Amino acid sequence: GAVVSQHPSRVICKSGTSVKIECRSLDFQATTMFWYRQFPKQSLMLMATSNEGSKATYEQGVEKDKFLINHASLTLSTLTVTSAHPEDSSFYICSASAVANTEAFFGQGTRLTVV
Amino acid sequence: GNSVTQMEGPVTLSEEAFLTINCTYTATGYPSLFWYVQYPGEGLQLLLKATKADDKGSNKGFEATYRKETTSFHLEKGSVQVSDSAVYFCALSSYNQGGKLIFGQGTELSVKP
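Going line by line, the protein sequences match chains A and B.
This note's numbering applies: residue 1 is where the first sequence begins, and numbers increase by one.
This note's numbering applies: residue 1 is where the second sequence begins, and numbers increase by one.
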């Protein structure tokens, strides 16, 4: 099956710094990638949808200046949490789909802790 | 808008018990329906899916049938194992939304020996 790799799996950063999370499709070209956020014992909430070569589409309530998403190639999307604060601590998960309207495959997630 | 509602957890069962996790949805058109499983500290794995009414998805002893008349996609397993302990998410995807998924709130399953 298709493989999506997310890196790092865990990161601890100081309040006020920025953190970059990478999402790579290893064996297929991902035209669309999705970023989700999951709070402890809660469901996944879609943050944004990114299409290669264009600006990401953010869900209502998600700050685009705080959560910068780049999808510069068909195999890589990045999420940068800027000026992180403890309330940004969460589990971030990406998914990728090869063709519009097809199944998306998930990365293993990144546990971000801001201290 | 589209939404997914799951039965609340946690659900605690003894090994070899029968499992049902209810899932109902609200959607326009004909969505695809999914069950994902998340083991502690890990990402999501697709467990099974169904893309049209009356389809039955199955994998690893788990089954779910796409019921359009009741807008449901309940997950079942005849005999659970300790290794099935995880959080299970029901999700839907609309055709014109690509791989964008709307998730239910998740149901935590704990299986005791």
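Take these hints with a grain of salt, some might be off.
In silico lysine-lysine, DSBU-like type, Cα no more than 30 Å apart, as pairs [stated by the list, open to error]:
1) Lys52/B to Lys77/B
2) Lys112/B to Lys52/B
3) Lys49/B to Lys60/B
4) Lys41/A to Lys77/B
5) Lys41/A to Lys20/A
6) Lys41/A to Lys49/B
7) Lys56/B to Lys68/B
8) Lys52/B to Lys64/A
9) Lys14/A to Lys112/B
10) Lys77/B to Lys14/A
11) Lys64/A to Lys14/A
If we take Cβ atoms under 8 Å as the criterion, some of the chain A residues that face chain B in the derived model are [what the hints assert, rightly or not]:
12) Gln29
13) Thr49
14) Ser73
15) Thr75
16) Gly107
17) Gln108
Treat the hints as calculated values from the structure; they're not laboratory data.
Please read these numbers as outputs of a predicted model, since none were measured by experiment.
Ideal placement from N, C-alpha and C gives every residue a C-beta, glycine not left out.
Q. So which of those numbered hints doesn't the model satisfy?
A. 2, 8, 9, 10, 12, 14 and 15
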